[in-house]
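Protein chains in written order, with our numbering: chain A, 1 to 558; chain B, 1 to 534.
It is worth saying that the hints were derived from the structure and are not from the lab.
None of the values given here were measured: they were computed from a predicted structure.
Mixed in with the good hints there might be a few duds.
[Unchecked claim] Counterexamples of contact, computed for chain A against chain B with all Cβ distances above 10 Å: (1) ARG13; (2) LEU159; (3) TRP162; (4) GLY178; (5) PRO213; (6) ALA312; (7) SER334; (8) THR343; (9) VAL345; (10) PRO388; (11) TRP427; (12) LYS444; (13) ASP447; (14) THR506.
[Unchecked claim] Label-pair ranges, simulated between beta-carbon atoms: (15) B/THR216 - A/PHE456: 18 to 28 Å; (16) A/ARG329 - B/ARG223: 25 to 35 Å; (17) A/ASP530 - B/ARG511: 30 to 40 Å; (18) B/ALA496 - A/ARG240: 49 to 59 Å; (19) B/GLY233 - A/ASP131: 25 to 35 Å; (20) B/ALA492 - A/ARG329: 18 to 28 Å; (21) B/PRO387 - A/GLY347: 43 to 53 Å; (22) A/LEU177 - B/ALA492: 55 to 65 Å; (23) A/ARG180 - B/ARG455: 48 to 58 Å; (24) A/ASP131 - B/GLU275: 50 to 60 Å; (25) B/ARG455 - A/THR343: 47 to 57 Å; (26) B/ARG223 - A/THR343: 41 to 51 Å.
All C-beta atoms in this analysis are idealised placements derived from N, C-alpha and C, irrespective of residue type, glycine included.
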Amino acid sequence: MPPLEALIRAELRHQRPRLVIATVAAIGVTCGSALLLGLSGWFITASALAGLAGPAVAHAFNYMLPSAFIRLLAIVRTGSRYVERVAGHEAALQGLGRLRPRLYARLAEGGHATRALAVGEASSRLIEDVDAIQTRFIRVAAPWALGAGLAVSAGMAALAHWTSAVALLVGAGALVLGSRWIAERWVRPAAALRQEALGQLKARLTDLEAAVPEVRAWSLEGWATEEVARVADQADAAGRVLAERSGHLMSWAGAVTGLSLAAATGLPLWLAPATPPAPLIALAALATAAGMEAALGLVTALRDAGAARAAAARLEPLMGADPDRAVQRPEGDSLQFSPAGPTFVGGSRVRIAGPSGAGKTTLIEQMMGLRPVEPGQMSAGGLDPALPDVDVRRLFAYAAQDVSLLNGTVAQNLRLADPKAPEALLWEALEDAALAERIAGASKGLDTPIGPGGAFLSGGERRRLSLARAYLRGSPWLVLDEPTEGLDARTEQQVLHRLKARLDRTAQGLVMISHRPAGVALCEAVIEVDGVTEAGASALAVGEQGQPVGPQDAEVGH
Amino acid sequence: MTSSAPSPTHLRHWLRDTARPERRALGMAALMTTADVLPAVGFAAGLALTLTAWPDRTTSILMGIVIMLAALAVRGVLSQRALMTAAGAAARIKGAVRRGVVTDLFSGRRSSETGLIAAVEGVERLDGHYTRFEPARMAAVMGPIVVLAAIALASPVSALILTATLIPFAFGMWLAGTAAAAESRTQFAALERLSGLFLDCIRALPAVAAFEATGTVVGDVERASDGLAARTGKVLRIAFLSSGILEFFSALSVALVAVYCGFQLLGLMPVPIPEPLDLGRAVFALVLAPEVYAPLRRMAAAYHDRQAAEAVVPTLERTPVPPALPTPRLARSPALKFHKVSIAYDGAPPVISDFDLEVRPGQVIALTGASGTGKSSLLHLFLGLSPLTGGEVEVDGHRLSHTGDWCGQVGWMGQATVVVPGTLAENIALSQPEAPRELIAAMAEQAGLSLDLDRSIDGRGGGLSGGERRRLALARAMLKQAPLFLLDEPTAHLDAAAEEALIPALAAATRGRTCLIATHSRAVMALADRVVAL
Chain A
1 MPPLEALIRA ELRHQRPRLV IATVAAIGVT CGSALLLGLS GWFITASALA
51 GLAGPAVAHA FNYMLPSAFI RLLAIVRTGS RYVERVAGHE AALQGLGRLR
101 PRLYARLAEG GHATRALAVG EASSRLIEDV DAIQTRFIRV AAPWALGAGL
151 AVSAGMAALA HWTSAVALLV GAGALVLGSR WIAERWVRPA AALRQEALGQ
201 LKARLTDLEA AVPEVRAWSL EGWATEEVAR VADQADAAGR VLAERSGHLM
251 SWAGAVTGLS LAAATGLPLW LAPATPPAPL IALAALATAA GMEAALGLVT
301 ALRDAGAARA AAARLEPLMG ADPDRAVQRP EGDSLQFSPA GPTFVGGSRV
351 RIAGPSGAGK TTLIEQMMGL RPVEPGQMSA GGLDPALPDV DVRRLFAYAA
401 QDVSLLNGTV AQNLRLADPK APEALLWEAL EDAALAERIA GASKGLDTPI
451 GPGGAFLSGG ERRRLSLARA YLRGSPWLVL DEPTEGLDAR TEQQVLHRLK
501 ARLDRTAQGL VMISHRPAGV ALCEAVIEVD GVTEAGASAL AVGEQGQPVG
551 PQDAEVGH
Chain B
1 MTSSAPSPTH LRHWLRDTAR PERRALGMAA LMTTADVLPA VGFAAGLALT
51 LTAWPDRTTS ILMGIVIMLA ALAVRGVLSQ RALMTAAGAA ARIKGAVRRG
101 VVTDLFSGRR SSETGLIAAV EGVERLDGHY TRFEPARMAA VMGPIVVLAA
151 IALASPVSAL ILTATLIPFA FGMWLAGTAA AAESRTQFAA LERLSGLFLD
201 CIRALPAVAA FEATGTVVGD VERASDGLAA RTGKVLRIAF LSSGILEFFS
251 ALSVALVAVY CGFQLLGLMP VPIPEPLDLG RAVFALVLAP EVYAPLRRMA
301 AAYHDRQAAE AVVPTLERTP VPPALPTPRL ARSPALKFHK VSIAYDGAPP
351 VISDFDLEVR PGQVIALTGA SGTGKSSLLH LFLGLSPLTG GEVEVDGHRL
401 SHTGDWCGQV GWMGQATVVV PGTLAENIAL SQPEAPRELI AAMAEQAGLS
451 LDLDRSIDGR GGGLSGGERR RLALARAMLK QAPLFLLDEP TAHLDAAAEE
501 ALIPALAAAT RGRTCLIATH SRAVMALADR VVAL
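Whole structure, please, built from the sequences with the hints as guidance.
Here's what the structure looks like:
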């Protein structure tokens, strides 16, 4: 079974008691509705006929039982609806509450897919999909309840004549199948077009927004606004098409309900050997109306189920391996970036060089198992990071170029690297990243919130926080991608100086991407990269650093 | 978004005022939604006719069946028309709101992060409010009255009974509604927060995965989810109470009408009621009884659409537009004087403070320093995109605090270049639409853009390399022949070769103009008369 489906089913099993209560209550609602309406129709019609037949017949008519039953049904229906709502939503809330963390744990194991998830559109989409799965819980009861309602209605219609029941069932079938056909053929393509149009709107808006200064400089604000409005109009037009096609579902439901009611009332008139009595026809007609309403509900339930399935299908490929599976973790700490390349032992300081776009970041992320690469290209601690059951992450403390931060406090972000680190250690790491002064100056210190994506910090501060976080993780290799990009010369010098002191102290190895002269001086070996694909690095020249600097006597900066 | 929660009344007023131009269309949609009860009346009449005629097997049976069929078909078509009308109105409302957001975005009155989301997703969340909730809300008032009137024609007593159930219903709804509305608003907000937390955790996935910190974060998500589930259990019970009340009275009304009609028809009412009731009238009243509550139930079902819309209102509200200030014309390259300039965005600590600089006419200044030290913010001052919170900037003696901005009189080149679908020439002429063709060609040449001027370019800048885009921006800026030229990281994200190739064109473009260049590049700094470190 696919992993997500297994997770969902486990939660559904866990919520079973609540779901059973919700289902039973929902059956009470639909059957109660059908019975209430049908019985009332029968009762009135029978009463009228008895009343017409004279006082003697009227007094002989047993009115107590049906009228008591009608009142009972009204209460049953109300109570059931309340119980259904509460039990169903509690199951959904708790089920999803337990599902979310488990889902997250699996996503975190997804490795290569996680990077794509972290950016705007993809992550919003993911949240919507997870919410869509909620309907799997809320809607468990719906098919059962609506099916039962339909069955009870058909049973009541059959009391008049079997053709009435057939008319109802055929009508319900036509309603469900026809609606699905309309949804598949008409509504779905329109919804896809609309989604696409909205995507285009977002893309155009993002493009223009990125160039706001230019738009202002040429006084093109009006033009840009019109341009966005033009693309938005297309999205709105697509939205209207979608609304119109969704509306066809209602027209279809109206037409089919009308036809099946006409048939349920009319057919017994011609086909029954003896015309059924009027009270039973009233029963059949009202039961058919109730039954068709249930069928209409079934259409919605099936559509929601379809949406939940589609959401699950989108999530399924993102699921990583089972976090509790057995994995091989490296014992050693040597690194080899290409089959023929040299092996760097722990404590080495390696610089990755090459023109922009050559794939320097790709290369180091392949080494850490964060990006796909063909097996047999690299080795980390004696293991091939490309293999699925190998986890080499413990070897590396990574400060990426695209800084990824948690929307929490400074301390929370730092403790991602070491959950139990005491405050003194956090301050030490901040000091080495030349950020301690800034954080100490904030009124809440380590508990200063940094905002979504670290929005309350400047670009350089985010980079240094990410650096401090990497420092806290006592891994054999520190992997830094352009750690001083965007820092002013003085701060850069400070950061590199303390980095060197730190490396001397901890004897950690360093893999660094940097084209800045001050960074170059820190490393003793260099790997020249010129094109990296999933098949590995195509041209990897490995050489000694231009000005070899031993770990003991390096002079950082100028 | 502001930190203090805006009052629900304020949110509702905003939603109402925004819809004002579309009041007629929305009213029409509501009218059609209300008219939805007429086919229901027709259906009830058809069934009543059929049943009355049934014992005698007259042709009225057929007539009754045809009426039922027609009524239901009309009902379907009517709902579709109502939906379409409302969707049209909603699209126009959304368009107007989006236009406001986008205008603010392009005039720097709104930050890009919130603006982009507000303009697309935020605006879309208004949809359900206008297509579903608004028509349903208006129909919820008129619908029951129309149905009650129809029932009263057949059986005034039944109508009276139904009206009697409506009164305690309305009272109960008001009681539960005020409690439930507050609770459900809290609940909605809590759900949003949880979604937000999950989203934040997803966005941090690369770091979480790299640091093997899944356990820590999963713990956070778990606690938040559990907390919400525990709190919500109680909230739900109250929230569903209002729908329970609705359900109870809706069921009760059917039962009461059925029992009353039955007893009256049997002639067994304990108190004689002077109402001439026959089978047809009784069936008519019974079938219509649930329809009294149907519009209310529809409104209740659309309630979350309103909540979604209310939640998004604070992100869509427009910031007040400052009055336009008169900007004098610059005849020549101006002298610039920055005196104790401070820039702070929305209460955040200033990105730059007490900045002093004097620039002579025609002087080229390179501004350098780490990102976040305010280089771009200084350039943005001239475009009105950053707030001058302290000090003064003088352009040839004209004070920026008096002129507001210098839009239309500065040349700009940044990292992102606007590209419009059209030819290359049209793209260059964006800064100066009436420029003659020869001048465009000359500027393209000076910028080193050796492409065919009639080459067509799509809106995504297809076919242009990063370097070519910069040259396009440069040609455009030179065509403008503006006396003041601002360049924001003109060579960022270019590789060394592309940067080197661009330098001569930059040198040509900057010569003789007052220029401010924000840059990290040493090659670009070499073009400047003076390098200023921030």
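Hints versus structure:
Non-interface status of A/ARG13 relative to chain B is upheld: no Cβ of that chain comes within 10 Å, the nearest being about 18 Å off. Every Cβ of chain B is farther than 10 Å from the Cβ of A/LEU159; the closest lies at roughly 15 Å, confirming the non-interface assignment. Every C-beta of chain B lies more than 10 Å from that of A/TRP162, the closest at about 18 Å, which supports listing it as non-interface. Every beta carbon of chain B lies more than 10 Å from that of A/GLY178, the smallest distance being close to 12 Å; the non-interface claim holds.
At roughly 5 Å from the closest C-beta of chain B, the C-beta of A/PRO213 falls inside 10 Å, breaking its exclusion from the interface. Here A/ALA312 stays apart from chain B, with its beta-carbon at least about 17 Å from theirs, past the 10 Å limit. Against chain B, the non-interface label of A/SER334 holds: every CB pair exceeds 10 Å, the least being about 20 Å. Here A/THR343 stays apart from chain B, with its beta-carbon at least about 23 Å from theirs, past the 10 Å limit.
Here A/VAL345 stays apart from chain B, with its beta-carbon at least about 23 Å from theirs, past the 10 Å limit. The claim that A/PRO388 lies off the interface holds: its Cβ sits roughly 15 Å from the closest Cβ of chain B, which is beyond the 10 Å cut-off. With 10 Å as the threshold on Cβ separation, the claim that A/TRP427 sits away from chain B holds: the shortest Cβ distance comes to roughly 19 Å. Once the 10 Å rule is applied to beta carbons, A/LYS444 is consistent with being away from chain B; the minimum gap is 14 Å.
No beta-carbon of chain B is positioned within 10 Å of the beta-carbon of A/ASP447; the least distance is around 15 Å. For A/THR506, the shortest C-beta to C-beta distance to chain B comes to about 17 Å, beyond the 10 Å cut-off, and the non-interface label holds. Between B/THR216 and A/PHE456 the CB atoms are about 21 Å apart, so this pair conforms to the stated range of 18 to 28 Å. Distance hint check for A/ARG329 and B/ARG223: the Cβ-Cβ separation is about 29 Å, which falls inside the suggested range of 25 to 35 Å.
The supplied range of 30 to 40 Å is met by A/ASP530 and B/ARG511, whose beta-carbon atoms lie about 37 Å from each other. With their beta carbons about 51 Å apart, B/ALA496 and A/ARG240 fall inside the hinted range of 49 to 59 Å. One distance hint, 25 to 35 Å for the beta-carbon pair B/GLY233 and A/ASP131, is violated here, with the actual separation near 19 Å. The given range of 18 to 28 Å is broken by B/ALA492 and A/ARG329, whose C-beta atoms sit roughly 40 Å from each other.
Distance hint for B/PRO387 and A/GLY347: a CB-CB separation of about 50 Å, consistent with the stated range 43 to 53 Å. At roughly 59 Å, the beta carbons of A/LEU177 and B/ALA492 sit within the given window of 55 to 65 Å. Between A/ARG180 and B/ARG455 the beta carbons are some 49 Å apart, a value that agrees with the proposed interval 48 to 58 Å. Under the hint 50 to 60 Å, the C-beta atoms of A/ASP131 and B/GLU275, about 53 Å apart, fit the expected range.
A hinted range of 47 to 57 Å for the beta carbons of B/ARG455 and A/THR343 is consistent with their spacing of about 51 Å. A C-beta distance of roughly 45 Å is found between B/ARG223 and A/THR343, which places it inside the suggested range of 41 to 51 Å.
Of the hints listed earlier, those the structure fails to meet are numbers 5, 19 and 20, in rising order.
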